[in-house]
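Chemist: In order, the protein sequences belong to chains E and W. Every position in the first sequence, counted from 1, becomes a number in the working numbering once 23 is added. Every position in the second sequence, counted from 1, becomes a number in the working numbering once 41 is added.
Hint data in this document are derived by calculation from the structure and do not stem from the laboratory. Please note that the accuracy of each hint is not assured.
What the hints assert, rightly or not - Taking lysine-lysine and the DSSO-like style, the derived pairs with C-alpha atoms no more than 27 Å apart in a straight line are: (1) E:Lys440 - W:Lys107; (2) W:Lys196 - E:Lys440; (3) W:Lys196 - E:Lys449; (4) E:Lys120 - W:Lys107; (5) E:Lys436 - W:Lys196; (6) E:Lys137 - W:Lys84; (7) W:Lys181 - E:Lys297; (8) W:Lys227 - W:Lys118; (9) W:Lys84 - E:Lys456; (10) W:Lys107 - E:Lys249; (11) E:Lys339 - E:Lys353; (12) W:Lys265 - W:Lys107; (13) E:Lys135 - E:Lys436.
Chain residues, written in single-letter form:
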Amino acid sequence: MKKVKKIIAMATLSAIIVGSLAGCGSKASDSSSSSSSSTTKQKVTIIMTNGKGEITSQFAQAAKDFTAANPDIIVEPYSQAVGDTVPILDKLTTSGKTVTLAMVEPNAVLDKYKDFGVDLAKEKWIKDTSYSFKNPAGETTGFPFAIEGFGIVYNQKVLDKAVGGTFDPSTINTRDKLKELFDKIQATGVKFPVAYQTEPWSVANHYSSQFLNQDSDPSKVAAQMKAGTFDFAGNATWNGYYDTMDLLASKKYNMYGDRPLGTYYDGAHLAVGKGESAMLFNGNWAYDSLKAVAGDKFGFMPVPVDNNADNPLNNKIVAGPTQVFLVNKKSTPAEQEAAKKFLNWLVDDKAGQDFVVNKCQIVSAFKSNSNKVTNPLGVAIAEAIAKDKTVPFSTNYINAADYGSILGADVQKYISKKETRAELAKAFVEYYKTKK
Amino acid sequence: MIAEKRPLKKFSERMFFTFPTMLVFSITVLIPFAYGIYLTFMKMPNILSTPVFDGMSNYKAAFNDKTFWTSMWLTIKFVLATVVCVNALGFALAYLVTSGIKGQGLFRTSFFTPNLIGGLVLGYIWQFIFVQSLPAIGTKLGIEFIRLGWLGDEKMAFWALVIVTVWQMSGYMMLIFIAGLMNVPKDVIEASTIDGANAWKRLVNVTLPLMRPAFVITLFMTLKSGFMVYDINYSLTAGGPYNSTSMVSMNIVKKAFVENNYGMGQAEAIVLFLVVAIISGIQVYIGKKGELEA
Chain E
24 MKKVKKIIAM ATLSAIIVGS LAGCGSKASD SSSSSSSSTT KQKVTIIMTN GKGEITSQFA
84 QAAKDFTAAN PDIIVEPYSQ AVGDTVPILD KLTTSGKTVT LAMVEPNAVL DKYKDFGVDL
144 AKEKWIKDTS YSFKNPAGET TGFPFAIEGF GIVYNQKVLD KAVGGTFDPS TINTRDKLKE
204 LFDKIQATGV KFPVAYQTEP WSVANHYSSQ FLNQDSDPSK VAAQMKAGTF DFAGNATWNG
264 YYDTMDLLAS KKYNMYGDRP LGTYYDGAHL AVGKGESAML FNGNWAYDSL KAVAGDKFGF
324 MPVPVDNNAD NPLNNKIVAG PTQVFLVNKK STPAEQEAAK KFLNWLVDDK AGQDFVVNKC
384 QIVSAFKSNS NKVTNPLGVA IAEAIAKDKT VPFSTNYINA ADYGSILGAD VQKYISKKET
444 RAELAKAFVE YYKTKK
Chain W
42 MIAEKRPLKK FSERMFFTFP TMLVFSITVL IPFAYGIYLT FMKMPNILST PVFDGMSNYK
102 AAFNDKTFWT SMWLTIKFVL ATVVCVNALG FALAYLVTSG IKGQGLFRTS FFTPNLIGGL
162 VLGYIWQFIF VQSLPAIGTK LGIEFIRLGW LGDEKMAFWA LVIVTVWQMS GYMMLIFIAG
222 LMNVPKDVIE ASTIDGANAW KRLVNVTLPL MRPAFVITLF MTLKSGFMVY DINYSLTAGG
282 PYNSTSMVSM NIVKKAFVEN NYGMGQAEAI VLFLVVAIIS GIQVYIGKKG ELEA
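Make a model of the complete structure from these sequences and hints.
Modeler: Rendered as C-alpha cells:
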C-alpha cells in the first residue's frame, strides 16, 4: 500500500511539473508569435518549391546560402523530380503545408494558380525587367525566374560564307529576304540550308503559337480563341507563319523535304552543328544537341511572318519566362516578407545573381544581372533582352500539353501535305470548341 | 510412420514460403489493380482531389473515345502481324538450330541476345538505324527504298515497329520451341520414317501436333506482348508521324498523363485488360483442349 501511494504521488508531481512547463512553453510561443511583427529577432521559416528538377542541387545550395546571409529567415527548399507529372507545389499543399514561394510555369498562372499569388507590382525589381508575368486579373504575380526563347537557330560560319562577310541577323526581316539567303547558301555549295525537325512539340507548342504575338498582349488573342471569335483561316499572321513554314519545310531548301516527318531531331542538330546545313527552328536548349560538335558559333533570328520589314514580329525574337515565382497569398505577412527578400536577393545580391546565371545556366530576366551563360544561344537571348528586342513567349498563353498531343498531329499532317491549310484552320477551331 | 501435421502448421509452413512473394505481388499488382477499378467509378478532376462517385461515366467516355478505338484497331493489326511472323521465324530458327548443324550452340545464343536488350534501348538503336544508317546506305548505293527514313511514312513506320518486335521476340520463342522439339519422342519420329513419311509430312503430321503445348505458350506470350506494346512504340516512333502509330497503351498513357484525364485513361486500361484476358483465355482454352499426349 505504501509503495502504491509513493508511485501515485510521484506520478502526480511529474504531471504537474510537465503541465506547468507546457503552460510556460505555450505562453512563451504565444508571446513570441504575437510580437513577431515587432521583434526582428524571430526566425521565420518559409517553404520554397522548385519546378526545375535539373537544378535541384543548385537550388538547395541557394537556400543554404540565403539562410546563412539572413539569420532570421530559414528557407526550406523542395524540388520536383524530373519527369514527375504532379507538381511538387500541389503535393505539399494537399499534405497540409503552406508553400510560400512556388516556382510554376506561366501558363499555370493563367489557369490553375490564377488566384494563388500576391500582387508584386510595387516591388523594386519591377523596373529592372519587362518579363514579370500578369495573372488574368491584371495583377503582376509572377517573378520571372528563367527566360528562354526560340527562333531560327543558325550556324554563323555557314552564313558568313554565304553572305561573304559577317552575317548580321537583323538584316533578315522579311520572308523574301530569308528566301534570298537560302539561295545564297545553296550557291556556296550547301545543298540544303534548312534541317527542319518536325517533333510535335516543336511544330505545335512553339511554332504554332507564335501567331498569338500579333497583339502585344497575347492573352487577348487566347481569350478570342477560347470564345470562338478568332478567325484562323482569315487571320494574316496565322497564315503568314504557315507560309513561312512551307518555305522552311520545302523540298528545295529542307534536308528532309522529301519526307519531312520522321524523328530527325538528333540528325538535324548534328547537321547544323557540323555545318552541313545552315539553320533549324528550335530554342536556346538546342545548344545541348549542337554542343557535341561545338567550336562553331551559333545565333538566333526571328521567324519572318510576312514581307513587311517594319513588322515587330520580324525583328524581335520570341523570349519570355518559362518559370515564374509566386508568393502565396495564404502565407502570413512575415512569411511573405521573407519570400520577397529572397526574390530581391536573386536580383540584387551578387550570390543570387551568380546562382541564377552561372550555377543554373539560366538566362536572367533582369538587366542588372551582368553574368553571362556559357550557351551562345542563351547569350543571344540575353543580348536581345538588353536591347528590348523580344516578343512574349507565346507558348505561355496556350495549353502546351494539348497543342503537342492534339494539334501537333494536324500540323504534321499539314507539313506532309495530308491536310490543307483550310483543314488545319478547322482543326484549331474544333480544338478550341472542346475547351469551353 | 509419417506423423500427420496439424492443418494450421501446414498452412503456416506454406505461408512462410509464399508470404514474401504474395506480399510484394499484392502491393505492386493486386492492390493497385483493385484500386484502379474502384477509381474508374469515381470522378476526380485532378489527381489530388477527393473521389466522388460517378457511376459508369468514365466507361461511357472511354467507349466514345474515337482515338481509343483507332489505336485498338491498329494494335490488332500489329498483333496479327507480329504473332504470325514471330512464331513462324521462332519455329524456323528452332528447327534449324536443332537439326544438328555445326556451332548450333553459338547460333542459339546469338539469336536469343536481342531479347536481352530492353525494349527502350532497342527502340532507340533501331531508330538510329532507320533514320540515319539506312538512309545513308540508301543514298550511297542509290537504293530508293531505304533512302528516305522509314519512320516518316505511316505504313513504313508500322512495319518498322513489326520488324523490331520480331527481332526482339523471335529468339525468346525459339527457346520455347527448342524445348518443345526436344520433347517430341524419337520413337514416334522413327516410326513415321519407317512408315514412309518424308521430312515435310513428318513435320506437319507428327512434330507440329506434338508441339501443341509449346505453341499454346508462345501464342499466349506473343499475343500479350503485342497488345501491351509500349516501350518500343515510344522509343522508335513516339506515336509516329501524326499519331499514326500510336498503339493502345500509348493512347492510354497520353490520355492519363499528358491530357490529365485519369478517369478515362484508367477506364480504357481496364477495357484493354478485358480484351486481352478474353482473347488469351479463349486461345489457351482451345489450345489446351486439343493437346495430345504422346
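Chemist: Starting from the hint list further up, note which numbers the structure goes against and sort them upward.
Modeler: Result: hints 4, 8, 11, 13 break, sorted rising.
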